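Below, each chain spelled out in residue letters.
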Amino acid sequence: MTATSTWRWADTREVVVTGIGLALPGVATPGDLLGPLPAQGGFNPATGLIGRELRHKDRASRLALRAAGSALHDAALADADGMFTGAADQTAVVVSTNLGNADSVCEAVDTIATAGVTGLSPLGLPQTSSNVIAGWVAIRYRLRGPNLTLSNGTTSGLDAVAWARHLIAAGRAEAAVVVGVEPRNHVVTKILGEQSTDAAVAVVLETADAAASRGARPRATITGYARTRNLTEALASTSATAEGPVGLWLTDGAESAGAAAGRLLETARRIDLESQLGPLSGALGVLQCAAAAAHLASGATGSVLATAGGPRHGATAALLLTPPPARLPSTQERGQHP
Amino acid sequence: MTWDITGMAAVANIGATPGEIFASLCAGQESRAPLKAFDPDKYRAAYAYEIDDRPEGGGDLPRRATRWLTTVVRQAAADAGLGEDLARVPVLVGTTMREQRSLELWWRDGAQVAPEDLHFGTALKAAFGACTTYTFANACSASLYALGMATDMIHLGMADTVVVAGTDAATESGFGTLDRVQNDLPDALRPFDTTHKGMLMGEGAAAVIVQRTGTGTEPVHARVRGVSMNCDAHHATAPDPDGITRAVRDAHSRAGVRAEDIDLVMLHGSGTPLNDATESSVLRHIFQGAGAGPRMTAIKAMTGHTMGGSGLLSLMMAVLAMQSGTVPPVLGLSDPIPEAAGLHLVQGAPAAVDLSLAQVDAFGFGGINAVAIVEAAR
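As they're listed, the protein sequences go chains A and B.
With the numbering used here as the guide, the letters of the first sequence map in order to residues 39 to 376.
With the numbering used here as the guide, the letters of the second sequence map in order to residues 966 to 1343.
Since the hints were derived computationally from the structure, they do not count as laboratory data.
All values reported here derive from a predicted model rather than from experimental measurement.
One should not assume that every hint holds.
As the list claims (entries may be wrong) - Below, a list of computed lysine to aspartate or glutamate pairs in the EDC-like style, where the Cα atoms sit at most 20 Å apart:
{"id": "1", "chain 1": "B", "residue 1": "K1001", "chain 2": "A", "residue 2": "D148"}
{"id": "2", "chain 1": "B", "residue 1": "K1007", "chain 2": "B", "residue 2": "D1152"}
{"id": "3", "chain 1": "B", "residue 1": "K1007", "chain 2": "A", "residue 2": "D148"}
{"id": "4", "chain 1": "B", "residue 1": "K1090", "chain 2": "A", "residue 2": "D148"}
{"id": "5", "chain 1": "A", "residue 1": "K228", "chain 2": "B", "residue 2": "D1300"}
{"id": "6", "chain 1": "B", "residue 1": "K1001", "chain 2": "B", "residue 2": "E1081"}
{"id": "7", "chain 1": "A", "residue 1": "K228", "chain 2": "B", "residue 2": "D1082"}
{"id": "8", "chain 1": "B", "residue 1": "K1007", "chain 2": "B", "residue 2": "D1025"}
{"id": "9", "chain 1": "B", "residue 1": "K1162", "chain 2": "B", "residue 2": "D1300"}
{"id": "10", "chain 1": "A", "residue 1": "K228", "chain 2": "B", "residue 2": "D1074"}
{"id": "11", "chain 1": "B", "residue 1": "K1001", "chain 2": "B", "residue 2": "D1025"}
{"id": "12", "chain 1": "B", "residue 1": "K1007", "chain 2": "A", "residue 2": "E145"}
Build out the structure end to end from the sequences listed, making use of the hints.
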């Protein structure tokens, strides 16, 4: 009868990644995340954040809409007009952001100080609430399932992927669009103490059965997750070892130098996305998930561990991803995937 | 499956415990107060429903929402006999604004605020050793969304005990922009009355302990029968009858109840003409032909709109109403809007009624809706 805060998902539905979308300068494809960065190309905010449907929206929402649209196309869940073709009532939106509306909040305070409330724009009302981004994504694609915004610090992106999976496991949704987004602006720079990049990434999650029935290609399976006191506990809680060797460790650098990881991770290749892209805050964990999916979709062996947080952040989150079902020996059809 | 509520705590403008708040609602004395949080010269709105714990002589402090949160979590945990070590207990916090008020004070006045203070996990770790903590920025349905996800965690075998909470302090950006968009400014929050003009902010926090049936050691206050959550996907700030109807019907379905089984509805009742008309019309349709229909009340007339925690606060008031057989009136309601004709809104004085099943509504910006069904523990 003891309460527990850790879990694995062996008893519930298998949930896979079937789409990835990026709106990230210097990163053109998810596969780029695995190589040296910054690469050439990628998203150009100067030309990519304009357009009729983006009018009157805050920068984070515009970035998120671009990434979500790209992920839905990648998952083959959008038609030629960019409309959602899946089960709208059964599709959740889960957004991770810590600083998405910080500029709107601070600019409103400045305006009130200089001009009073009559100086404010009534169009700014939605972004006074921290969930503005998830609302716009739902409205754009008519996604009427549960709609969640995680603003949970440095682990937020990994937490968002896990909660999207929980919603599917609990039967509240058949699919979820998970978005990690942080905008680049003067308020965010002041908060972080350094300049950051515009970053938006979206992944589509759905059950392996749903993906199979519509012929979608699964890139990775979301296999385990924990948010606990430290990395050692997080690794134990996700049962990372039970899924075989960890081939890739997506770390945020916070604990990678410590001995806590032990032998489990010493052979794994390490990628610290923030060391190459700068601070990613709420976008980090979703971007790690995208990188993991790209790695696993390329036919790599071993599982992928993504971690964020550490002692300074009060908790460590870990997300374990494994090869998608079609490539598991038990379900593989020989000759189909050369 | 049902879930036990074994601990409750709350703070708002009209009381520092659920019992005090309930007594104030039943007493029905006007509770709005002149705006103190911000420089009144900058605003047209003159009233709010603040928690009056700021320093004498003006000025504001950062992390008030966090302080209320840790207070109610401590009290709710004690009520459930959990003690102060929550290292193994998930804590799910629903909020509209997070610590955006602290961000404002940092930006404008140079208050000492770190990025880690924007979410509540930092303080929950310091106070209770809690690590499995989540800040859900889910607008004004946030704490009922969190309740629904707590029931999912228990259902999926991830936990036996979950702390669910909500907290919000008024922000200048939010209060100011609401002031800007409300043409005919309200001087009080008057849900469902023909004199209603709009919403005014309140402040507060609420926490409950949710446990797998039979897990707890303390008496059960009430049982959660089911919680729905969805999104209108219709408008950024305006409600949509279709989305709300789906949320109510899904809640009934999850709870395994029919409309005629509901004895009490705690209305969202934000006092905006659009919310009140939409919620009334939906409920008239839902409860049409359901016998005499449930009693209905709305607490924001006295607490103001406490945002993220408001759904959980309404739920706690439903629990106390079922325990005492008393439904507090809607303060200031004397002439209901035409859309509410036929709804049993409690007016004037508390109603003495035998109650065993309550519906709790919470709707938020982004068109996100959550509806909970709670049952008296007998």
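Okay, the hints, checked on the actual structure:
With a C-alpha separation of about 19 Å, the suggested pairing of K1001 of chain B with D148 of chain A holds against the 20 Å cut-off. Simply put, K1007 of chain B and D1152 of chain B have alpha-carbon atoms about 16 Å apart, close enough for the 20 Å limit, and the pair holds. Between K1007 of chain B and D148 of chain A, the direct Cα distance comes to roughly 12 Å. Compliance with the 20 Å bound is thereby established for this hinted pair. Only pairs whose Cα atoms come within 20 Å are accepted, and K1090 of chain B paired with D148 of chain A is rejected, the gap being roughly 33 Å.
Taking the CA atoms of K228 of chain A and D1300 of chain B, the gap is about 51 Å. The hint is violated against a cut of 20 Å. Between the alpha carbons of K1001 of chain B and E1081 of chain B the distance comes to roughly 27 Å, so the proposed pair goes past 20 Å and is violated. About 15 Å separates the Cα atoms of K228 of chain A and D1082 of chain B, which keeps this hinted pair within 20 Å; it holds. Straight-line distance between C-alpha atoms of K1007 of chain B and D1025 of chain B comes to about 16 Å, which keeps the hinted pair within the 20 Å bound.
For a cut-off of 20 Å, the pair hint linking K1162 of chain B to D1300 of chain B stands: about 14 Å separates their Cα positions. Between K228 of chain A and D1074 of chain B the alpha-carbon distance is near 14 Å, which keeps this suggested pair within the 20 Å criterion. Taking the CA atoms of K1001 of chain B and D1025 of chain B, the gap is about 9 Å. The hint holds against a cut of 20 Å. Only pairs whose Cα atoms come within 20 Å are accepted, and K1007 of chain B paired with E145 of chain A is accepted, the gap being roughly 15 Å.
When each numbered hint is compared with the structure, violations occur for hints 4, 5, 6.
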